[in-house]
Amino acid sequence: MLPIWLWLSLFALGFLLLWVGNQRSYAEYQELLSHAPELKKLSKWLPWMLTILKRYQSTLDTHPVLMPLRQAIFQLHGPHDYHNRFRFITAELGFYLYAGLLIGPLLAAITDGSFMNMFGGLVLGIILPLAKWKDVLSRAERKRQDLQLELPELLSKLTLLVQAGETVPRALQTCLERKRGESKHPLYLELDRMLKDVANGYAFPQAMEQFAKRCAIQEAAMFSTTLLINQKRGGQSFVLAMEDLGRQLWEKRKAVARMRGEEVSTKLIFPMMLMFLVLLALVGGPALLMMQ
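Add 273 to a position in the sequence shown, counting from 1, and you land on the number used in our numbering.
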């Protein structure tokens with residue numbers, strides 16, 4: 274057990290170090306952080322972490338432990354914004370860990386000054402980064418599943434429109450316009466960006482290649498490759514290729530739907546157990562009272 278003033282001094286020293294470090298590094302990273310509006314509340318607390326992690330960036334970019342996190346960030350943000358997003362998230366993880374180190378002495382100071390309360394802050398500093406890590410992986414998996422669920426439907430509509438005489442870019446534009454109500458869906462966000470690239474002068478094959486890279490799933494790469502190979506052929510060969518790919522994508526969609534159904538049923542187990550305990554108390558309580 275240490276005196277309360279010593280715990281407060283440790284907290285004040287750590288907070289002062291964080292504040293000074295952020296003030297000195299803020300000007301360097303202000304413009305970079307402005308491209309991540311979701312970090313607006315943390316933007317004043319991340320520059321120092323970005324400066325520290327900059328020294329170890331080459332290790333962070335290649336370390337195998339961080340491979341799942343890097344893949345998830347690539348899945349969420351695509352190849353162009355991947356590097357900056359990876360830096361932001363690692364800095365955020367570092368900030369949460371440092372915040373846990375600060376909260377430890379603060380908890381000890383406002384309680385009885387014991388080391389046990391300090392460990393509570395350290396545990397919080399471990400839980401918060403792990404929760405952020407888990408959130409990034411979950412969002413990436415959710416996006417992957419959303420793309421796999423919607424891509425077969427897009428392919429079916431595209432095939433019908435091409436059979437009706439539309440060109441492939443015009444058919445994609447029609448599919449996008451009919452889904453304006455789902456403009457936040459990741460597939461249609463990427464499709465809208467791809468069509469804007471074509472309108473701005475990109476060649477259609479190049480825009481489709483970038484579309485597949487941003488989606489970062491095997492199904493999108495298959496869709497893009499099959500579309501580009503058979504686009505010039507047209508006619509029956511294009512339709513047959515699209516129908517064959519459609520069968521594969523529909524099978525994967527069924528697998529994803531089945532997986533989501535299993536996840537929902539698993540999440541329902543805990544509420545059902547609570548309901549069972551409540552019913553058991555309601556039914557068994559009066560019976561026990563009568564027996565007494």
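Some hints could be false.
30 Å max Cα-Cα, derived DSSO-like pairs, lysine-lysine [claimed, not checked]:
| hint | residue 1 | residue 2 |
| --- | --- | --- |
| 1 | Lys527 | Lys416 |
| 2 | Lys457 | Lys525 |
| 3 | Lys527 | Lys452 |
| 4 | Lys430 | Lys314 |
| 5 | Lys469 | Lys430 |
| 6 | Lys469 | Lys486 |
| 7 | Lys469 | Lys407 |
None of these hints come from the bench; they were simulated from the model.
All values derive from a computational prediction rather than experimental measurement.
Hints, one by one, checked against the model:
Taken as a hint, the Lys527 and Lys416 pair is honoured in the structure, with Cα atoms around 16 Å apart against an allowance of 30 Å. With a CA separation close to 22 Å, the supplied pair Lys457 and Lys525 stays within the 30 Å bound. As the CA atoms of Lys527 and Lys452 are separated by approximately 22 Å, the hinted pair is consistent with the 30 Å bound. With a CA separation close to 42 Å, the supplied pair Lys430 and Lys314 exceeds the 30 Å bound.
Between Lys469 and Lys430, the direct Cα distance comes to roughly 20 Å. Compliance with the 30 Å bound is thereby established for this hinted pair. Annotation: proposed proximity of Lys469 to Lys486 holds, straight-line Cα distance about 16 Å (limit 30 Å). Of the pairs offered as hints, the one joining Lys469 and Lys407 is violated, with about 33 Å between alpha carbons and a cut-off of 30 Å exceeded.
Going through the hint list in order, the structure does not satisfy hints 4, 7.
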